[in-house]
Amino acid sequence: MLLLFFFIMFLIAVIVSFFMGKNSKRFSLIALGLLTVFFVAYSFVKFYNYNGQIISKYNFLLASFTSSNKSITVNINFSLGLTGFTDLLIITALIVSIFSIVIGDREKGGIFFGLLMFTGYGLAGLFAMRNFLFFFIFWEIVLVPIFFLISRYGSVDKEKISIKFFIYTHIGSLFLLLSIFTLSTYYFIKYSIFTFQIADLMSLSFQSAIPLFALYFSFFGFLLAFFIKLPSFPLHSWLADTYTSSPFSGTVMLSGGLVTMAGYGLLGIMYPVTGLFPRVLIYFIIILGLISLVYFGLVGMFQTNLKRMIAYTSASEMSFVTIAFGTSVLSTGYVRVFDLSGGMFQTFAHVFVASLAFSALYFIYKRTNTMEIYGLRGLYHKMPRASTFFLASILASLGMPTLAGFIGEFSITVSSFQTIGLFTIIIVFGLILIAAYLIWAAQRSLFGFYNEKLGPLKDLNRSEFTILFFILISSIFVGVYPTLFFKLLSIYAAHLGGLI
Amino acid sequence: MNYEYFYSIIVLGISGFISLAIGIKNNNKKILAGFTSLALIVSFLLVLAGTKNYNILTMSFNSFDSYWALIFIASTLLIIVPAMNDIKGRYDVFYALTLFMTLSMLIAAFTYNLIVLFVSFEGVSVITYVLVAFNRTRRNLEGSLKYFIISTLGTSFNILGISFFYLATKTFDLFSVGKIFYSEGLLLALVFIIIGFGFKLAIFPMQQWAIDTYDGAPNSISAFLSTGGKILAYMILLKILYLGFVHDYNYVFYFFSILGILTMTYGNLSALSQNNLKRIFAYSSVAQAGYMVLVFALIGFSYFPANVIPKSTFIRFGIASAMFYAVVYIFMQGGAYIAMNLIKKDKIMIEDLDGLSKKSRLSAFSLWIFMLSLTGIPLTGGFLAKYFLFFSLIVGGLWWLAVIAILNSVISVFYYFRIILNSYVSESDNEFNLAPSVKYPLFATAAITIALGVLFFIYTYLIGIAAI
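In order, the protein sequence lines correspond to chains A and B.
With the first letter of the first sequence counted as 1, position 148 gets the number 148 in the numbering used here; the numbers rise by one all the way through.
If you want the numbering used here, it's the position in the second sequence, counting the first as 1, plus 1000.
Hints are computed from structural coordinates only; laboratory data are not their basis.
Quick caveat, the model's predicted, so the values are computed rather than measured.
Everything hinted at is true.
Restricting the straight-line Cα-Cα distance to at most 25 Å, the calculated cross-link-like pairs of lysine-lysine (DSS-like) are:
#1 A:K158 <-> A:K366
#2 B:K1358 <-> A:K108
#3 B:K1344 <-> B:K1358
#4 B:K1439 <-> B:K1029
#5 A:K190 <-> B:K1311
#6 B:K1359 <-> A:K22
#7 B:K1052 <-> A:K70
#8 A:K70 <-> B:K1311
#9 A:K487 <-> A:K57
#10 A:K108 <-> B:K1359
#11 B:K1358 <-> A:K158
#12 B:K1146 <-> B:K1347
#13 A:K160 <-> B:K1358
#14 A:K22 <-> B:K1358
Just the calculated beta-carbon pair ranges, DEER-fashion:
#15 A:F302 <-> B:L1407: 29 to 39 Å
#16 B:S1428 <-> A:V480: 53 to 63 Å
#17 A:Y374 <-> B:D1429: 34 to 44 Å
#18 B:S1428 <-> A:S155: 15 to 25 Å
#19 B:L1407 <-> A:F206: 27 to 37 Å
#20 A:R26 <-> B:L1038: 45 to 55 Å
#21 A:F213 <-> B:D1429: 54 to 64 Å
#22 A:G375 <-> B:E1351: 31 to 41 Å
#23 A:K57 <-> B:L1455: 22 to 32 Å
#24 A:S155 <-> B:A1447: 33 to 43 Å
Quick reminder that beta carbons are idealized off the backbone N, C-alpha and C, glycines included.
With these hints in hand, go ahead and build the complete structure from the sequences.
Shown next as structure tokens:
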């Protein structure tokens, strides 16, 4: 019940933040801070003795119909529940909302912060829902505030790009919906009851009984939706435009919030039925992950715009999740648990990496008004603090130990060696590629002689420094004390992998 | 004979004459609109009170029929207040005509006799010819003339279809369709009825009049024509196809799967290149009709899932989603047309919306709700309506139709979101008509559209009453 209370309070905070005008930023931050404290305390109590099951379940029958001869039953439930994975994802949804709000300008007004809060609410709700109808509603509703954010506060070509983003992700969502309906229909054929409960529809015993055609159709819908959001190789063309055009708060939300939806979809929703995947599909997924990793690395290398470059880096980091998803199906035992929890950890830790990178870039952009590498040079001479943070974010992106990105990438690389063998060299190659061009970019933009055309620049002021310091500290905390999270994830992964 | 079931109809007729009588003394639009709304609400309550399983002659008064009756009353109620803005002159005649029109629609909702259905439908048509031309401007008269000619053509096809139906089944009563005496005649009847009501429903090859008429008519009349008038034709077709062609008549499936695909694709693709706002909505209503007629394809479908899901089950789902779609459609499409009253122009282009959100935030928000709902975004009625429709298609095994419909629904994002973007991104000095009689109906309609998207039990309730 406390979980429901949390969501109701959150909803009230979202609605109020729309009407607060100039005070909206302060209000949103206070509200989100309180909610985060509340939720972290709640999860500490609830997850102290975690055993991998779904906990804090809440189920409410919203509408139902039973025909007089009991041959048709339709149930529409509102169900909540948490696993170790979703618990961490809700915390990240709260934290990423804080990050994105804290770097926004106070003058932008109530609508701006209200939309960010709304996105955060959609994310948190998505992770808690245990019913596919509501899962889909939250999955789709997240797009609407992001659409408004880009189209109203975005930069170049905002109208076109916001529609492109919306349509691209909308296609995936609709196929996801058709898949859900297909599963529900076959569930009815078997048990003569229509339900949208995730636990019922995503169970191995049920899905192994439905005809192959319907099964593959549903796999197609789910994977399409998740791979568009992730984004994976052939479905990524919305990514760079959207990240570049949206305001920085929106970019933090997109890279830290919206891509975790895809990670959750693959590892949290889809994983229980991966046992039914044909071998070809698994190899296909792994190959997609490998291609994405290297391809986004190569594309990122040739970007001259730092924001676009970081966008591609963020996408190639997320392809580790695809690789973990594919390889963990093939592996067994503890390797599988390691692989899975690595993928979950990558989803979780990516938030900190991406937020730090985009926030640091934002403060540089605010002063120099350019994100082109060739327009920036020698920033370190004028803005040492901002440059340091940006350098730290780059190190986090390339997977430096003690920063958030390392643990996930390490465990995925190690455990995928058990299944794909020497092909791991592609992963290593991708990692080197990312490291190379990011450091190269840092060298070109931060070091060297100062570009006098930029004029006199001021370094970060105290509040900006605090913001970046806060984000960096949280990233370091995740990097040096990952056990706190990794343990939770590995228990859940062990449960998924059938070891508990 | 038990007359209490007819009270809702009688009230409307008497109030029509009273409103004419009021008009002799003074032609005050506020009094007349208030009186008409009151009459409609009374009739609404009487329909609710009179819902029982009761059949007399060929009329039936169970929940299914009452549900449609309530929808029709709501569709008229929707335009009463907005009409105060765009109707000029004889208000008493206008409101009396809307009341008589509602009366005709109620009769159509309760009856199952083809002749009565035909006559009541023509009753509505004749009144709408007058309403379209009510302001007597050039655009009105042009729209009305087109509508009149094409609609008359449709009427003649209907008569032919009904005659052939009689030849084939020896009855006009849809409840007592039994043996088929002349099966080629049944096919002819189907073709003629599809053409006839297809003109009224504006599905693909028969849609062009609708674009011009909705564009030329006063805004509130366009709202009625594209919602109430269309839903009436839809309901009549639903009754005829479900009860009249019960013998696993596969042609129904062939015709409507093809017509549905063509209609929605045509509507969506044509709307993309339009800049005239009322024409965009007209094309969007064509596309929406394309989604709706997929239910007919489902009704006629009887192949693949017959061994796993009984046909009665998925037809029940189909009819329930048709009923749900109808009510949501009335509010979202009607709301979109009512919102056109905000603009003080005759010919409304998409640029005329620029800067709306600066002038009135809530009006712009209501317009966005209608657009989001027409697109099918969650927390609006359109989401549940569209996706329960797709759900019933998948339950019936027609997943490929659902895929085509979904791809169409993706196309529609382009033009609906263009309208949203125009209303709040672009800056402009446009003046808007923000009179209370324009604003408040808009807010109320938007609120209902949201409510329909949140109240899930409506759909499960409809599955319960969806057996004719």
